[in-house]
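Undergrad: Chain by chain, the residues run as shown.
There are 2 protein chains.
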Amino acid sequence: MATMEPREFLAIPGPTPVPDAVLAAIARHPIGHRTPEFSKALKEVTEGLQWLAETKNDVFVMTASGTAAMEACICNTINRGDRVLSLICGVFGERWAKLAEAYGAEVERVVFEPGQAVDLAILQQKLKADAQKSIKAVTITHNETSTGVINDLQAIAKMVREHGALSIVDAVTSFGVTRLPIDEWQIDILATGSQKALMLPPGLSFIFFGPKAWDAYKDCKSPRFYLDVGKCKKSLAQDTTPFTPNVSFVEGLKVSLEMIKAEGRDAVFARHIKLRDSLRHGLKELGLQLFVEDACASPSITAILPPAGLSVGEIRKGLKSRYRILVADGQEELKGKIFRIGHMGYVFERDVHMTLACLQSVLVDLGFKPTPGAPAQAALAR
Amino acid sequence: MATMEPREFLAIPGPTPVPDAVLAAIARHPIGHRTPEFSKALKEVTEGLQWLAETKNDVFVMTASGTAAMEACICNTINRGDRVLSLICGVFGERWAKLAEAYGAEVERVVFEPGQAVDLAILQQKLKADAQKSIKAVTITHNETSTGVINDLQAIAKMVREHGALSIVDAVTSFGVTRLPIDEWQIDILATGSQKALMLPPGLSFIFFGPKAWDAYKDCKSPRFYLDVGKCKKSLAQDTTPFTPNVSFVEGLKVSLEMIKAEGRDAVFARHIKLRDSLRHGLKELGLQLFVEDACASPSITAILPPAGLSVGEIRKGLKSRYRILVADGQEELKGKIFRIGHMGYVFERDVHMTLACLQSVLVDLGFKPTPGAPAQAALAR
Numbered sequence: 141m142a143t144m145e146p147r148e149f150l151a152i153p154g155p156t157p158v159p160d161a162v163l164a165a166i167a168r169h170p171i172g173h174r175t176p177e178f179s180k181a182l183k184e185v186t187e188g189l190q191w192l193a194e195t196k197n198d199v200f201v202m203t204a205s206g207t208a209a210m211e212a213c214i215c216n217t218i219n220r221g222d223r224v225l226s227l228i229c230g231v232f233g234e235r236w237a238k239l240a241e242a243y244g245a246e247v248e249r250v251v252f253e254p255g256q257a258v259d260l261a262i263l264q265q266k267l268k269a270d271a272q273k274s275i276k277a278v279t280i281t282h283n284e285t286s287t288g289v290i291n292d293l294q295a296i297a298k299m300v301r302e303h304g305a306l307s308i309v310d311a312v313t314s315f316g317v318t319r320l321p322i323d324e325w326q327i328d329i330l331a332t333g334s335q336k337a338l339m340l341p342p343g344l345s346f347i348f349f350g351p352k353a354w355d356a357y358k359d360c361k362s363p364r365f366y367l368d369v370g371k372c373k374k375s376l377a378q379d380t381t382p383f384t385p386n387v388s389f390v391e392g393l394k395v396s397l398e399m400i401k402a403e404g405r406d407a408v409f410a411r412h413i414k415l416r417d418s419l420r421h422g423l424k425e426l427g428l429q430l431f432v433e434d435a436c437a438s439p440s441i442t443a444i445l446p447p448a449g450l451s452v453g454e455i456r457k458g459l460k461s462r463y464r465i466l467v468a469d470g471q472e473e474l475k476g477k478i479f480r481i482g483h484m485g486y487v488f489e490r491d492v493h494m495t496l497a498c499l500q501s502v503l504v505d506l507g508f509k510p511t512p513g514a515p516a517q518a519a520l521a522r
Numbered sequence: 141m142a143t144m145e146p147r148e149f150l151a152i153p154g155p156t157p158v159p160d161a162v163l164a165a166i167a168r169h170p171i172g173h174r175t176p177e178f179s180k181a182l183k184e185v186t187e188g189l190q191w192l193a194e195t196k197n198d199v200f201v202m203t204a205s206g207t208a209a210m211e212a213c214i215c216n217t218i219n220r221g222d223r224v225l226s227l228i229c230g231v232f233g234e235r236w237a238k239l240a241e242a243y244g245a246e247v248e249r250v251v252f253e254p255g256q257a258v259d260l261a262i263l264q265q266k267l268k269a270d271a272q273k274s275i276k277a278v279t280i281t282h283n284e285t286s287t288g289v290i291n292d293l294q295a296i297a298k299m300v301r302e303h304g305a306l307s308i309v310d311a312v313t314s315f316g317v318t319r320l321p322i323d324e325w326q327i328d329i330l331a332t333g334s335q336k337a338l339m340l341p342p343g344l345s346f347i348f349f350g351p352k353a354w355d356a357y358k359d360c361k362s363p364r365f366y367l368d369v370g371k372c373k374k375s376l377a378q379d380t381t382p383f384t385p386n387v388s389f390v391e392g393l394k395v396s397l398e399m400i401k402a403e404g405r406d407a408v409f410a411r412h413i414k415l416r417d418s419l420r421h422g423l424k425e426l427g428l429q430l431f432v433e434d435a436c437a438s439p440s441i442t443a444i445l446p447p448a449g450l451s452v453g454e455i456r457k458g459l460k461s462r463y464r465i466l467v468a469d470g471q472e473e474l475k476g477k478i479f480r481i482g483h484m485g486y487v488f489e490r491d492v493h494m495t496l497a498c499l500q501s502v503l504v505d506l507g508f509k510p511t512p513g514a515p516a517q518a519a520l521a522r
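Here the protein sequences line up with chains D and X, keeping their order.
Here the numbering used here is used: the first sequence runs in plain steps of one and ends on residue 522.
Here the numbering used here is used: the second sequence runs in plain steps of one and ends on residue 522.
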């Protein structure tokens with residue numbers, strides 16, 4: 141039954157708001173997947189993704205969520221016993237380590253404090269210490285969704301390249317948010333998903349696979365079938381997919397990529413920086429403490445500590461019940477310690493204003509005293 | 141740009157026609173996946189799938205296409221070196237063998253002629269010969285999509301159960317088409333997908349996992365992560381999924397299961413039998429030769445030989461260009477030798493009439509002479 145409520149506003153780190161034009165594309169009746177029409181759509185989205193990542197590398201559309209694309213990065217390149225260095229800034233960094241271990245890799249974890257970025261000096265030291273070049277791959281979380289930290293991927297990829305290991309990158313919450321020129325930065329393998337800045341519901345994921353990755357693929361004996369990029373490449377040469385794809389979401393992706401092209405790649409990235417800066421400014425004006433320092437603050441997710449005496453649960457509940465605004469709790473060890481606001485994809489300045497104003501109102505109702513003199517709508521001060 | 145053409149009619153064996161109500165559900169803005177609302181939807185579809193399969197076994201919703209669910213059947217139960225007997229009636233039977241081999245199984249293929257069903261006597265003999273009970277699992281294709289053959293799954297599962305091996309069943313094009321009481325027939329593992337009789341676009345798949353399968357899971361060392369049913373079970377106990385699911389399609393599935401419930405399980409199965417019989421009757425009246433005998437004719441897919449002198453390509457092209465009706469070619473060795481009409485899910489008697497009449501008109505234009513005295517619309521004679 142229809143009820144008079146505002147549409148749920150997904151200020152979580154995914155799924156994110158989906159534009160009406162994308163919903164309309166998804167809602168069209170599916171077409172056959174072995175047709176020239178689908179081949180054309182697949183070609184368009186493949187080229188669109190390459191354009192967005194400024195790369196000539198292969199990219200494959202997987203009908204699965206982001207973790208499956210991450211698994212494809214591993215099971216197509218890593219053998220049992222291979223040494224993998226995992227740079228871990230949170231839950232998703234740890235996921236790389238678990239994935240590599242699932243395939244029998246010897247994983248060395250380099251763990252950074254929650255809310256901190258990868259310390260480049262420590263990475264440099266680890267790579268330098270590996271004089272035998274026994275590290276086969278380094279796993280990297282470009283943007284750590286669980287804490288709202290963005291890593292200096294350009295610098296990390298350069299170090300990894302100079303060492304000779306494969307760079308394997310989770311770009312699930314950075315792709316389409318910030319510049320990610322795969323060829324210029326020489327990133328070997330990169331995974332991302334549909335339900336973040338690509339503005340689709342969850343259900344598709346993407347893997348970029350470069351020449352060095354194909355070398356590793358040739359020697360890789362790990363079992364795989366559905367996630368086998370070799371099968372994807374063979375099929376894509378004929379403008380199709382090895383298994384029945386989510387044709388509806390490919391149509392939706394065509395539309396979202398058109399929207400990104402129309403706005404302009406650089407304008408999209410600039411908008412995300414502006415969203416982040418406005419939000420962080422407003423939160424600080426309110427007197428709230430941010431979990432991550434400006435230097436490594438994510439352009440897509442902002443983590444906030446609840447004011448003293450208030451719980452994350454009651455803040456989230458207030459936003460949801462009163463305003464139908466969904467923000468995320470912390471994950472695992474950070475559960476109840478931070479709340480997270482997603483601001484990627486189909487998100488605009490007005491959404492930041494709305495979220496800040498509603499957050500302020502919820503906090504005040506819970507007894508919080510904003511910084512004296514803070515404007516009613518803190519973000520507007522900027 | 142909108143053009144004045146009829147909606148493409150998917151008379152292929154999937155994706156199949158999707159009801160407007162399902163498209164509308166999919167087109168609603170996605171909800172967060174860690175919310176009570178999504179948990180409720182997941183619980184509803186889980187219970188709906190169990191109801192449809194008359195089972196208390198676990199069922200897990202995978203965001204991936206059917207082949208991934210098939211892979212999950214293997215990678216959660218089969219170890220390197222395990223003996224697997226694969227009953228092969230076509231492309232999808234062979235897929236089981238390839239999947240098991242990908243995980244290092246010792247596969248024995250029992251291959252039946254294309255268009256033939258599994259010969260129960262041969263299976264009985266194979267199982268009897270295995271006195272040491274070294275066969276760990278038997279893979280079965282309930283309905284072979286590539287030829288339009290349905291196997292006697294009840295009898296096969298009984299034999300496998302008596303031997304003691306695991307029964308692993310591909311029910312992608314039989315689930316929701318014909319009765320499939322998992323508990324009564326004691327089927328251990330069964331995979332199916334969204335884009336067939338469940339009337340969704342491709343993008344979700346489902347795996348039913350019984351007690352004997354869980355025993356095998358405990359001893360299974362095959363690498364897996366995204367497709368790990370243990371992770372699914374742990375999450376489902378909390379009414380959620382281990383990885384971000386396709387929330388939109390879960391909403392769509394809720395609607396399609398409601399439609400199936402409203403029609404009635406037995407009525408759905410009876411409708412599919414009637415569709416098959418009407419179509420086969422009409423095709424015979426036209427003078428066409430069917431690829432599969434009545435005794436094992438699939439209730440969801442019918443394969444037809446092109447009349448002498450006509451090519452599958454020109455028949456398919458005629459149906460598509462003149463009527464926007466999509467029928468499928470044969471696959472692999474049957475390419476160009478048969479064409480296949482899908483009739484599962486959101487398909488009705490009127491669609492059979494339409495397809496037959498349009499096929500007749502295309503064939504006549506191509507020079508084919510229908511059987512003298514055949515009615516203009518052959519199916520109407522029934």
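Hints were generated in silico from the structure; no laboratory data involved.
Values in this document were obtained by computation on a predicted structure and should not be read as measured data.
One or more hints might be untrue.
A pair counts as met if it fits within one copy or between any two copies, since identical chains are not told apart.
[As the list claims (entries may be wrong)] No farther apart than 27 angstroms at their CA atoms in a straight line, the calculated lysine-lysine pairs in the BS3-like style are these:
1) Lys238 - Lys358
2) Lys238 - Lys371
3) Lys460 - Lys183
4) Lys371 - Lys361
5) Lys394 - Lys477
6) Lys371 - Lys509
7) Lys361 - Lys238
8) Lys475 - Lys358
9) Lys273 - Lys401
10) Lys509 - Lys460
11) Lys371 - Lys477
12) Lys401 - Lys475
Undergrad: Between the shortest in-copy and the shortest cross-copy C-alpha distance, which are at most 27 angstroms for Lys394 and Lys477: within, between, both, or neither?
TA: neither (39 angstroms within a copy, 35 angstroms between copies)
Undergrad: Cα distance capped at 27 angstroms. Does Lys475 pair with Lys358 within a copy, between copies, both, or neither?
TA: neither (42 angstroms within a copy, 31 angstroms between copies)
Undergrad: Indicate which option fits the pair Lys361, Lys238 if close means a Cα-Cα distance not exceeding 27 angstroms: within, between, both or neither.
TA: both (19 angstroms within a copy, 15 angstroms between copies)
Undergrad: Given a CA cutoff of 27 angstroms, do Lys371 and Lys477 count as a within-copy pair, a between-copy pair, both, or neither?
TA: between (44 angstroms within a copy, 25 angstroms between copies)
Undergrad: Within a copy, between copies, both or neither: where do Lys509 and Lys460 come within 27 angstroms Cα-Cα?
TA: Within one copy only: 21 angstroms inside a chain, 67 angstroms across chains, cut-off 27 angstroms.
Undergrad: Could you place Lys371 and Lys361 in one of the four classes (within, between, both, neither) given a Cα distance threshold of 27 angstroms?
TA: both (15 angstroms within a copy, 24 angstroms between copies)
Undergrad: At most 27 angstroms between C-alpha atoms: does Lys238 with Lys371 qualify within a copy, between copies, both, or neither?
TA: both (25 angstroms within a copy, 13 angstroms between copies)
Undergrad: For Lys401 and Lys475, with the copy left unspecified, which applies at a CA distance of at most 27 angstroms: within, between, both, or neither?
TA: neither (37 angstroms within a copy, 40 angstroms between copies)
Undergrad: From the Cα coordinates, with 27 angstroms as the cut-off, is the pair Lys460 and Lys183 best called within, between, both, or neither?
TA: Only across copies: Lys460 and Lys183 sit 22 angstroms apart there, 40 angstroms inside one copy, limit 27 angstroms.
Undergrad: For Lys371 and Lys509, with the copy left unspecified, which applies at a CA distance of at most 27 angstroms: within, between, both, or neither?
TA: neither (59 angstroms within a copy, 43 angstroms between copies)
Undergrad: For the identical chains here, do Lys238 and Lys358 meet the 27 angstroms Cα criterion within one copy, between copies, both, or neither?
TA: Answer is both: 23 angstroms inside a copy and 19 angstroms across each meet the 27 angstroms cutoff.
Undergrad: At 27 angstroms max between alpha carbons, let me know whether Lys273 reaches Lys401 within a copy, between copies, both or neither.
TA: neither (41 angstroms within a copy, 61 angstroms between copies)
The structure does not agree with the numbered hints 5, 6, 8, 9, 12 stated previously, though it agrees with the rest.
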